[in-house]
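Peer 1: Sequence:
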Amino acid sequence: MWESVATIPSSLPPKARWCSRRKPINARSFPLSRRPLPPNDRCLPERRCPIDPAHRKEPAIDGLRCETKRGDGPPSPLVSSMLEAPMSGEVICECEDGECPATRRLVLRQPVMADVPAITSHLSDYAVVSMLSRVPWPYDAEDAEDFVRDLAARSDNRIFAVTLRDTGELIGVVGLHGISEGRAELGYWLARKFWGLGYGTEAVQRMIDFGFGPMELSRIDVSCRVVNDASRHIIRKCGFFFVGPGMTNTVAAGRVASEHYMLDECSWRSIRMWGR
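In full-length UniProt numbering, the protein residues as written are 1 to 276.
It should be emphasised that the hints constitute simulated quantities derived from the structure, not laboratory data.
Where is the CB? At the ideal position from N, CA and C, for every residue including glycine.
Heads up, some of the hints might be wrong.
Stated by the list, open to error - Computed spacing ranges between beta-carbons, pair by pair:
#1 Arg104 <-> Asp229: 22 to 30 Å
#2 Val112 <-> Val243: 32 to 40 Å
#3 Asp146 <-> Gly178: 31 to 39 Å
#4 Met273 <-> Asp140: 43 to 51 Å
#5 Asp143 <-> Val226: 23 to 31 Å
#6 Val227 <-> Pro138: 18 to 26 Å
Said to hold, decoys possible - Taking lysine to any residue and the SDA-like style, the derived pairs with C-alpha atoms no more than 20 Å apart in a straight line are:
#7 Lys237 <-> Thr167
#8 Lys193 <-> Arg219
#9 Lys237 <-> Thr250
Required output: the full structure, derived from the provided sequences and hints.
Peer 2: Here it is, written out as structure tokens:
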């Protein structure tokens with residue numbers, strides 16, 4: 001439901017300050033209700049994100065500027081969990097093409113052949129591979145070389161090596177694949193020794209910002225195994241909305257139960273505004 005929130009000039013006397021909310025019931029009925037606010041309170045401007053990034057202003061009511069927002073209650077638990085988490089740092093491009101995202105602790109860069117030993121070592125852990133859909137088991141150096149070569153040959157993905165900013169050590173991979181018509185699927189993994197340190201959330205948040213920002217995507221999908229509590233926590237913390245359960249075919253573990261989530265560009269913009 002859409003509701004319009006009128007912005008009242010704070011210069012009015014306390015008794016004259018009120019908040020007008022319009023909730024459309026049908027095409028012919030737009031009742032207005034007024035309720036008093038505490039003397040020190042005021043109506044704050046609310047914003048929503050239409051398909052067009054430019055915020056569309058509603059017509060003025062009684063000479064007051066009105067803006068629209070979606071929903072008539074607090075954000076969902078998924079969005080609330082995102083608001084509790086600090087946003088990752090500024091994007092700092094360090095790649096030659098100027099499109100390399102980075103955060104306060106991490107740099108996301110293109111994987112290269114020099115990363116093959118590290119990738120092979122990290123994906124020799126079945127605890128990591130068993131939670132991934134496209135990674136074979138057992139995993140060897142030849143698989144890692146094929147992975148790096150395949151990335152260079154394909155144009156429907158943007159995959160980054162997750163490295164520590166201070167040391168340059170590769171600790172995982174994050175990226176968007178299956179890019180088509182403004183949509184993409186998110187994928188990521190971290191080496192076991194780096195679990196529980198917030199690196200996963202930080203890398204995924206930056207990848208989402210990159211997808212909806214420079215890549216101009218309209219929707220990002222992501223899935224995780226039902227038994228993967230850590231991945232589910234990252235997904236929810238980053239504001240994804242639950243779509244439904246399903247089954248996923250994985251190379252290492254066969255057919256497994258999974259959960260599917262999505263985040264659209266409009267919700268992403270709202271989350272970023274609310275989180276500031």
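Peer 1: Could you run down the list of hints and mark each one as holding or not?
Peer 2: Do the hints match the structure? See the list:
no. : hint                          : verdict
1   : Arg104 <-> Asp229: 22 to 30 Å : holds (26 Å)
2   : Val112 <-> Val243: 32 to 40 Å : holds (35 Å)
3   : Asp146 <-> Gly178: 31 to 39 Å : violated (18 Å)
4   : Met273 <-> Asp140: 43 to 51 Å : holds (46 Å)
5   : Asp143 <-> Val226: 23 to 31 Å : holds (26 Å)
6   : Val227 <-> Pro138: 18 to 26 Å : holds (21 Å)
7   : Lys237 <-> Thr167             : violated (27 Å)
8   : Lys193 <-> Arg219             : violated (31 Å)
9   : Lys237 <-> Thr250             : violated (25 Å)
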